[in-house]
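Q: Sequence:
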Amino acid sequence: MADSVQPHIRIGTADSAKYAILPGDPQRVDVVARFLEQPKELMYNREFRTVSGLYKGVKVLVTSTGIGGPSMGIAVEELRNIGVETMIRIGSCGALQRGLLPGDLVIASGAVRDDGTSTTYVEKSYPAIPDHRLLMYLYQTAKRLNIRHQCGRVRSHDSFYTDREEQIDRYWSDKGILAADMETAALFVIGGIKGLKVASVLNVVVEADGDLETGINEYVDASAACKQGEEREILVALETILSVHNDETTCEEVM
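If you use this note's numbering, the sequence shown corresponds to residues -6 to 248, in order.
Be careful, since some hints might not be right.
What the hints assert, rightly or not - Here are the simulated EDC-like cross-link-like pairs (lysine to aspartate or glutamate), alpha carbons at most 20 Å apart as the crow flies:
{"no.": "1", "residue 1": "K52", "residue 2": "D202"}
{"no.": "2", "residue 1": "K117", "residue 2": "D107"}
{"no.": "3", "residue 1": "K11", "residue 2": "E34"}
{"no.": "4", "residue 1": "K33", "residue 2": "D18"}
{"no.": "5", "residue 1": "K52", "residue 2": "E78"}
{"no.": "6", "residue 1": "K11", "residue 2": "E70"}
{"no.": "7", "residue 1": "K168", "residue 2": "E200"}
{"no.": "8", "residue 1": "K136", "residue 2": "E224"}
{"no.": "9", "residue 1": "K220", "residue 2": "D18"}
{"no.": "10", "residue 1": "K52", "residue 2": "D240"}
{"no.": "11", "residue 1": "K52", "residue 2": "D8"}
{"no.": "12", "residue 1": "K11", "residue 2": "D240"}
{"no.": "13", "residue 1": "K220", "residue 2": "E232"}
{"no.": "14", "residue 1": "K168", "residue 2": "D202"}
{"no.": "15", "residue 1": "K49", "residue 2": "E30"}
{"no.": "16", "residue 1": "K190", "residue 2": "E158"}
{"no.": "17", "residue 1": "K117", "residue 2": "D151"}
{"no.": "18", "residue 1": "K190", "residue 2": "E70"}
{"no.": "19", "residue 1": "K52", "residue 2": "E241"}
It is worth saying that the hints were derived from the structure and are not from the lab. None of the values given here were measured: they were computed from a predicted structure.
Kindly generate the complete structure, drawing on both the sequences and the hints.
A: Right, here's the structure in full:
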């Protein structure tokens, strides 16, 4: 474990915690902070903004990762360097299946590696999957809280603006992929290789037949459904961390 301040997230072991939540947007850090006790802003450098706080007594870091796999990879590596062991991405996604509505949650059970970052770590045959126990906790938490969600595979990609977006979306939709984002595959692959507990829960901001640009603009403008979905994914992630922490503490006490 490195003792020095990390070059991009700009925090060190003194500020670390066992658990971290990873939004993409630095502004979403403020939303998560409202759920925490004693929130404290630690650093804001480039796209990486970090706040620490307590959720029902459990210390949590909230670090934004920006857009795409490369910056996600930087955040994951540097958080690991300072001692973070469990990381849950809370992001947005575009639905690839009908029936997923704005504000619904997608809990990723795996990711199509249509990104560049994960391939810099390992060949494509390596699976992009979450920690199975953390996935189970997320699913059980969403169910317990009676929050609309689906659990399944997503696709991570590197651009919204290729000339073949509609064709690509149809292809992966036909293969049963639920939704698309830009970071989950990188998180899963790096987490798997580095021995981290990682998972991803995504807020649907564009329906399968919706317009990408319109959907993103509505999300930025905090449309009611998307805003509710954002708050729900935060709650699911925090309650999952609490459940994991309580169960691990109980096991340690028994041993």
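Q: Provide an ascending list of the numbers of those earlier hints which the structure does not satisfy.
A: As far as the earlier hints go, 1 and 16 are violated by this structure, in ascending order.
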